[in-house]
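Protein chains in written order, with numbering that gives the first Met the number 0: chain A, 0 to 741; chain B, 0 to 612.
Read the hints as simulated data drawn from the structure, not as lab findings.
Think of the CB as a built atom: it goes at the ideal place given N, C-alpha and C, for glycine as much as any other residue.
Mixed in with the good hints there might be a few duds.
[Unchecked claim] Computed footprint of chain A on chain B; a stretch qualifies when at least three of its residues, placed anywhere within it, have a C-beta under 8 angstroms from a C-beta of chain A: (1) 30-42; (2) 46-56; (3) 91-102.
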Amino acid sequence: MRFSNNSSFFSSSYNYPGGSSIQDSFAYSSRHALASFPLKNPDGSWLYATPLITGGNYNVANGRHLVFGQYKHRNQQLRTDFMNTSELKITPFKQLTLTANYTYRIYQNRNQYRSANFEYRSYPEADYEYYTTDAGLDELTEAITTSQRHAINTYATYEDSFADAHHLTVTAGMNMESWASKAVGAKGQNLSSETLNDLDLVVPDATGNVITEVSGGQNEYAIMGFFGRINYDYKERYLLEISGRYDGTSRFMPGHRWGFFPSGSLGWRISEEPFFSPARKYVDNLKLRVSYGRLGNQVVRTSSGAQNYYAYLRKISINDFEGYTFGEGTTMSKYSTLSAPVDAELTWETAEQINAGIDIAALRSRLTFTGEIYQRNTLNMLTAGPDLPAVFGASAPQTNAADLKTYGYELSLGWRDQFKLFGLPFGYSVRGTLSDYRSYITRFNNPTKSLTMAYYEGMRIGDIWGFEVDGLFESDEQAQKYTSEVLDCSYINGRMTGGFLAGDLRFVDQDNDGHYKLDDKNQYVLDENGNRILLPESEWRVNTLGLGANTVDNPGDRKILGNSLPSLQYGFTLAFDYFGFDVSAFFQGTGNHYWYPAGMNYMFWGPYSYSYLSFLQRDFIERVWTEENPNTYFPRPRAYSATGGELSKVNSRYLQNVRYLRFKNLTVGYTVPQKLTRKIGLEKARIYFSGENLAYWSPLKKYTKYLDPESAFTRNGSKDVAQDHVSYPWQKTLMFGIDITF
Amino acid sequence: MKEDKKMKKLIIPALAVILGLTSCDWLERTPKSTLAPENYFRDETDLMLFSNTFYNNNINKEPYDEQSDHYVYLNLSTVLRGGTARTVPNSGGGWGSGAGAWGDLRKMNTLLENINKCEDKAAVSKYSGVTRFFRAWWYFNMVKRFGDVPWIDKQLETNSPELTKARDSREIVMRHMIEDIDYAIANLPASVSTYRVNKWAALAFKSRFCLYEGTFRKYHDPAKHPEMYVEPLPADAHDAAYYLDLAANAALELMEQGPYKLSQLDDYRKLFANVDADKDEFILAIKNDQSLQVVNNSTAFTLMSTQGAPGLTRKFVASFLMADGSRFTDKADWETMGFKEEMADRDPRLAAITVTPGYVRLGATEVSAPDFGSSVTGYQLVKFVMDATLPEVDRVDKSYNDMPVIRLAEVYLNYAEAKAELGTLTQEDLDKSVNLLRKRAWKSDSAPVISLEDANAHPDPYLLSADFGYRNVSGTNQGVILEIRRERAIELADEGFRLSDLVRWREGKCLEQPIYGMYFNGTGEYDLTGDGKADICIWKDDNPKHKDMVDLELGKETGIILTGEDKGYVYHHKGIERNFNENRDYYYPIPTKERQNNPNLKQNPGWNDGLDF
């Protein structure tokens, strides 16, 4: 019998100035801080609103320079995390082990956000004014979330060998787990101090109202499972594993809570076979393996990506209005609401995986190779069901709506050797990995293959549908000629007063869906002599640049331009050591991989997204079309065309291939010979240089150096909020160090 | 081995405990910070909180009107531009599943299906009344936009057959709306409650939508325009007179029995600028509150150049009568009259809602001139501009004047119009309704009022002209109907009525009429405030660079564009095509995706969504 206990405690405090998030600070200071406005007046006071900005809404840098310059925003995130595991192991006889353990974990996030009024002058020597709303609101928010987890595991393991050939391990047991979190939040406005942060300091505002707000919230889940596993091998030559889990979760309705997930694998170490012995000279290990397994997933997520702990239940919640009041009392009016309809039959999502692999070690284990191919079927995917007609009055409930099939492979090849160079050992190694996969939807109820729905049967995950652009109009005449051929361009140019002009994008009319050369009433066909002939009403057609019926079979003028998931992910490491020096280099990259920048991505679109940007990318102006400089990447300048105009229509010209090769790491070290270091009592002394993210190569670099290919994504899939398109720039890290072992 | 036995003694109870816990209860975790719907809807507070969203979600909180022939922004709306500027949306377009469309209806049906769980029967009838008021309100918006819509009066399941039902004829929808509103009239409290609906709000709203339907049926006569009735009217459908009669009766009941009267404020402007709603005249209003940041954009919208630069059109300004009751457009030189001259001696409401010579904003001391930067026509609308001394109100989304939703003035106008369209209008009817508005505006009992006899004897040629008037008004009451429409446009300017009025009157072609601004007789300096000093200078070729007036370069978007080469009306929309397609534009289209998801939905006339059914 053995009892063991393991405790850990972690605590951290993170203090930072600025707005609620780094994205907020980046996004707001990236606009309205034009170079024509200084951040400070010549008298040293801060500048924010100024009479030069009429209306006074879009003030200098949205006040973010005040936020950082006056350092009144103080935010603190405190984390504490305690975990304890006690384990009892009993061995009644040699082959049997009984294990029981219990884990308790409690962790707490305590967050504090403080904002305060900022003073500024509208011009030098003017009276001080105060920025008191939004980021300048005098407010303290405190929020505490406490989570507790209990977990119990009990299992028995029987392990035995027979006749020196059969080796058997049997395990069976169960586990139980529960988790609960509870939040408490409070905030208050008008504090009597700008430096002390406590809700006791909240005082009435100018109208005599004490403005405070409280909030709460709780979540819970529990899971339980029974499991068993049998491992058997015969002389390490034939390997067999069979296992099964029977799992239950609180996240589904009674009757739908339990799922059974079996798996099994077979291995054959051919190199252990007697008949293989002649080849053992060259091949040290050769193993073939196949496996089949099922795993369950019980996590249901809301459309915003948060976990939904009670996805099978409808709930009444009570909330504060943000923009409505009835003039009853001095606090915000409240309302209650019933959560959206749910699928009460929701149950486990199952990932079924079939996989075959080969492991080879050869030539005195200098050459190693691992290869794996797999097919994964995700059955009963937990996702939003097919679109319902809008009269339903809510979005389609999360349900086990789809099946997904994924094929893929993973390869890894390495060579490691050593030889003598001028009498000293020279060691070197090379290793490369390569993998790829593709996923297709095999079940989803969307018989018309409508592109408005998330999926359709046969869809490859990640396909990007868009228009093709074959250039920019060279002249206004050319643009007008185009417009007269494609009569209805309003889907693309609806926001342009006067339609397409020179320098605008020329979209390819793929489907040429207007069958006739029509006059402006769209009701006539012109015969060879130019006479108008009235068509029957059913045949009135406009040649439209647009979405067609928005189905796979009639996608209008769009086609699949590329896939947003990375293909061919690869990496390779080169290393050698000689004469105390060691060098290793790691490269990593992906193959073709496409991305269409969202409209609010300032770093790509510059002023095409937003006209009051604080920064213009270097050389950007040379890439902008003008009558004098017509052969450019970007079209005729039109502010906001990327957020709602023609550039917001996904098209081939601005689709980015974000494949890349990155020089991820280089390490050069030198180990001082031991016979020298031992003299001063050191076992080992090594000095080294290490560089991270030293260089990258990508087609994206041609158009912007301000976006790393790995930060070319849209956070949360949102297109409209600038905060979702900024990220902390990718950093290059250079490091020198010394390792000393006594 | 002895130790082993001890261990077994330990293990067996431990296993028993664990197995005990494995009963089903372990996996039963119910929410602790939200309520189960089965336990809700139990008392009046529950019903009130649940119905509170109906106000927030269904009442239009933007005080400024949609663009129309009377009121335009620098960027014309797609409705005004028409033609290819209007397209069939793929989704949304007023027919989405969430808030702002069908999601709001679902909430109402949720409450109605659960409301009987509450034992307090008085609360049940009151909040059933609130809910059915808003259901009628919701359907009215849908009928205005789409014509026929499916009537749904329960919460649908994912497999309900109603999901794919066809649209119901507007007649069916109207009958249900009348049932709903009659229930609300009978069950809502009769006491004044300006920020919550009561019996009187329900009566006023009934007069609003019945007038809409009555005039719609009259001017879009089913016999002449069957395409407007995508789902055919049932054989026993009511006629226009039926709805007009309901409208007049609802209005009359409110006028005779309701606790409301026209505002007693000393300044007409304060009715719209004051922080608090006028409880005499506003039957339903939106509460705004500065300390809670429940605000609107009314002041900044009309004063700031970045907000859309709205302006009234000259067509509308010219329709205001002279102070003596004569018509401005009867003057020989009205068409080429400059700003200062045309604004003299007019209906006092013109000076109350626009920047006219001598305009001093509430709370301000200095005269201000019209600002061409923030008003595309030069006729700057200031109806909801707040007192200048109030802090912050000039900033975007910082105004906090309460906004009218239903006010008595509209009920008067509904009454007079319904009676006039029915052919039963008397002078007495006019005197107890719209003529009270005239007297209030003129602050005088001897204000020039509408005379039934005079109006019908001399219909206003301006309001019948091809360029400025209506095409479809005829009959013995032609003259007085025109006068009531004039009064309605002026009294309810910028309150959200004009565009839907044009639709129900089948006067969409009005949107093709000129949307010009002020008249200028060429380059030179102009005094717009009437103080004898020039306020603007229109120049060409040489920039005079004045320090004491605004220089506007002729023919430039950043300056001033006139209809003629060197003189004419302000016209920044020059060259922009406008087109109203009477065979298409009275209704909005059903989104493509919705017709894909439910092929039983027919598309509205004239809209091509590319679908083959």
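**Request:** Against the earlier hints, flag every one the structure doesn't satisfy and list their numbers going up.
**Result:** none
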